[in-house]
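Student: Listed below, chain by chain, are the residues.
There are 2 protein chains.
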Amino acid sequence: MPFQSLADIRTLLTRLPAPDAKAIAAAEARNGQLTKPPGALGRLETVAIWLAGWQGTEKPRADRPQIAIFAGNHGVTAKGVSAFPAEVTVQMVANFAHGGAAINQLARAFGAKLDVHSLDLDRPTADFTEGPAMTEAEVVAAMRTGYEAVDPSADLFVAGEMGIGNTTAAAAIATALYGGFGWAGRGTGVDDAGLRRKEAAVAAGVERHQALLSDPLEVLRCLGGREIAAMAGAILGARMARVPVILDGFIACSAAAVLEQTAPGALDHCVAGHQSAEGAHARLLEKLGKEPLLALDLRLGEGSGAALAIGVVQGAVACHSGMATFAEAGVAAG
Amino acid sequence: MPFQSLADIRTLLTRLPAPDAKAIAAAEARNGQLTKPPGALGRLETVAIWLAGWQGTEKPRADRPQIAIFAGNHGVTAKGVSAFPAEVTVQMVANFAHGGAAINQLARAFGAKLDVHSLDLDRPTADFTEGPAMTEAEVVAAMRTGYEAVDPSADLFVAGEMGIGNTTAAAAIATALYGGFGWAGRGTGVDDAGLRRKEAAVAAGVERHQALLSDPLEVLRCLGGREIAAMAGAILGARMARVPVILDGFIACSAAAVLEQTAPGALDHCVAGHQSAEGAHARLLEKLGKEPLLALDLRLGEGSGAALAIGVVQGAVACHSGMATFAEAGVAAG
Chain A
945 MPFQSLADIR TLLTRLPAPD AKAIAAAEAR NGQLTKPPGA LGRLETVAIW LAGWQGTEKP
1005 RADRPQIAIF AGNHGVTAKG VSAFPAEVTV QMVANFAHGG AAINQLARAF GAKLDVHSLD
1065 LDRPTADFTE GPAMTEAEVV AAMRTGYEAV DPSADLFVAG EMGIGNTTAA AAIATALYGG
1125 FGWAGRGTGV DDAGLRRKEA AVAAGVERHQ ALLSDPLEVL RCLGGREIAA MAGAILGARM
1185 ARVPVILDGF IACSAAAVLE QTAPGALDHC VAGHQSAEGA HARLLEKLGK EPLLALDLRL
1245 GEGSGAALAI GVVQGAVACH SGMATFAEAG VAAG
Chain B
945 MPFQSLADIR TLLTRLPAPD AKAIAAAEAR NGQLTKPPGA LGRLETVAIW LAGWQGTEKP
1005 RADRPQIAIF AGNHGVTAKG VSAFPAEVTV QMVANFAHGG AAINQLARAF GAKLDVHSLD
1065 LDRPTADFTE GPAMTEAEVV AAMRTGYEAV DPSADLFVAG EMGIGNTTAA AAIATALYGG
1125 FGWAGRGTGV DDAGLRRKEA AVAAGVERHQ ALLSDPLEVL RCLGGREIAA MAGAILGARM
1185 ARVPVILDGF IACSAAAVLE QTAPGALDHC VAGHQSAEGA HARLLEKLGK EPLLALDLRL
1245 GEGSGAALAI GVVQGAVACH SGMATFAEAG VAAG
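Protein chains in written order, with the numbering used here: chain A, 945 to 1278; chain B, 945 to 1278.
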């Protein structure tokens, strides 16, 4: 068992593996010899070299991507924070199982393995405006589900989520971690009154748990949800297995932010897949120091934006690992 | 033979087919019933509906993409406008043939057919600072090569290019079509002195041919190159066959701009694949009214940015054509 308490997780976060410096140097050298002007493939070059470091090889791959979706239910939905009823979480999990959701199509399009983990959907987290969302045992169990969901043989990992009400939880986490206002947004499409209810719930939750919120893992426990905790656990699990991660949208990034605030550098194995249309996502990416690969106004969750970015990473890898060098091709190097 | 003169091409440009309005309506209706909040897939939704219109079907596809690369040589390279010698054009064509270039890897990654057309590489266009780059017969022949290169059974088309010196030709075209300064950029990586030589060549070319430049097709003839003319012909050919096009970078867009300036709306079947790092590309996309799908600092040409965007379009199509509706999945529609 990788950890049994938040204290164990704190310890784990002090022992994170680094990328392979030799592989990075070899990939950089290779990149300089490929038949193109220096830098002409832009971010595809930096992505390929980053991937090389985490995969520990000069020629990285991206033909075994894994997408894991985590689903959870939220007590705070009682406060009228979502445009959809809480039953939709379990209905969408059934849709994932039958292959009908957006993420199923994207997984197929980019050759990714897709796993779905339902986390006690019949037992929503507590309404965080009234008490901590989870006990320590609950948050640790959820993080372990995520941690153990990572296939160490995957060459790329995406954590996605489904959970009616979870943009409210993510906004509360961001507010607690970074302060300020305006972290709540429209989510799946809540109206003005709903948005005001979200803002009120976030403010109430942060105020109620204020005494504990200097610890990011307590932020996750008090304000998060099981699927958010599972994503944090999965991102940590991927790091321990040196599997590079593509971060999805606002909710996935709120989970990631908990790790980064606990141990700066904890997201070095992560690239931002996209910038979503959820208002505060751009701001959250800035806090994480991550530049998104895509910005196509998606705001679906399910890991969909990150899944779409798998295609970009596959393009980067194809060029880096497949192109001829100037010497091989007999092309003048300029 | 589709056309024999620039006059024939002008006539063709008055007879462009429109998208299928019924297919657009059907695709919009379908999009509204898919298991996601309205608009949550952002630009993937508009891309899928746009594709539906041109393919004439409620459920578009993107599994038969075609990439055609056109290569040409430029007399203006005598003015020292490129960081690479002109011989690199033919060397890179050999690299395409052997599968070693970036575009070969991207074509394979996204399942695209790749064709390479060399246009009289041993006979560069005339130096446009000293005379028209091409005769009418030459520009028409090059456009015809492009026009006939389009496979009407393709479900997506990308025109790419290779031609040392062609960012100078493209900058001259943009200057002639839109006026102003600053259309010349670093291309493959020219130094400050080289950039000044480019700017001088562009200014000299535009001044020399000023009397003819109110006609966009004359702009193409006097300042363009064979591969640029071929791309214009290919984009026109795709329109006549109702094959949707992903536009590549600055040079491809300069070719497209000739069509749009001749017949506004001529690029309605085109989406901008990416915004390149070539300085003036963003400005050219604005002139064309096109929002890029990607902006990853590529500046390679070869159709590489557009090829990468095939992945995004495939993701859009996968979602639109593969997802379950609320009714099929038994999900509450919010």
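A hint or two may mislead.
What the hints assert, rightly or not - Think about it this way: if two alpha-carbon atoms lie no more than 30 Å apart in a straight line, the pair counts; the simulated DSS-like pairs of lysine-lysine are: (1) LYS1057(A) x LYS1057(B); (2) LYS1057(A) x LYS1231(B); (3) LYS1057(A) x LYS1003(A); (4) LYS1234(A) x LYS966(A); (5) LYS1057(B) x LYS1003(B); (6) LYS1234(B) x LYS1003(B); (7) LYS966(B) x LYS1234(A); (8) LYS1057(A) x LYS1234(A); (9) LYS1003(B) x LYS966(B); (10) LYS1003(A) x LYS1057(B); (11) LYS1234(B) x LYS966(B); (12) LYS1003(A) x LYS1234(A).
Said to hold, decoys possible - To be clear about the criterion: a stretch of chain A counts as covered by chain B if any three or more of its residues have a C-beta under 8 Å from a C-beta of chain B, and this derived list gives those stretches: (13) 957-963; (14) 972-981; (15) 985-991; (16) 1242-1248.
To be clear, the hints were calculated from the coordinates, so they are not data collected in a lab. Keep in mind it's a predicted model, so treat the numbers as computed, not measured. Glycine included, each C-beta is placed from N, C-alpha and C at the ideal position.
Student: Work down the list of hints and note, for each, if the structure agrees.
Tutor: Checked hints:
no.	hint	verdict
1	LYS1057(A) x LYS1057(B)	26 Å, holds
2	LYS1057(A) x LYS1231(B)	42 Å, violated
3	LYS1057(A) x LYS1003(A)	22 Å, holds
4	LYS1234(A) x LYS966(A)	24 Å, holds
5	LYS1057(B) x LYS1003(B)	22 Å, holds
6	LYS1234(B) x LYS1003(B)	24 Å, holds
7	LYS966(B) x LYS1234(A)	42 Å, violated
8	LYS1057(A) x LYS1234(A)	25 Å, holds
9	LYS1003(B) x LYS966(B)	12 Å, holds
10	LYS1003(A) x LYS1057(B)	25 Å, holds
11	LYS1234(B) x LYS966(B)	24 Å, holds
12	LYS1003(A) x LYS1234(A)	24 Å, holds
13	957-963	violated (count 0)
14	972-981	holds (count 4)
15	985-991	holds (count 4)
16	1242-1248	holds (count 4)
The structure fails to meet hints 2, 7 and 13 from the earlier list, while all remaining hints are met.
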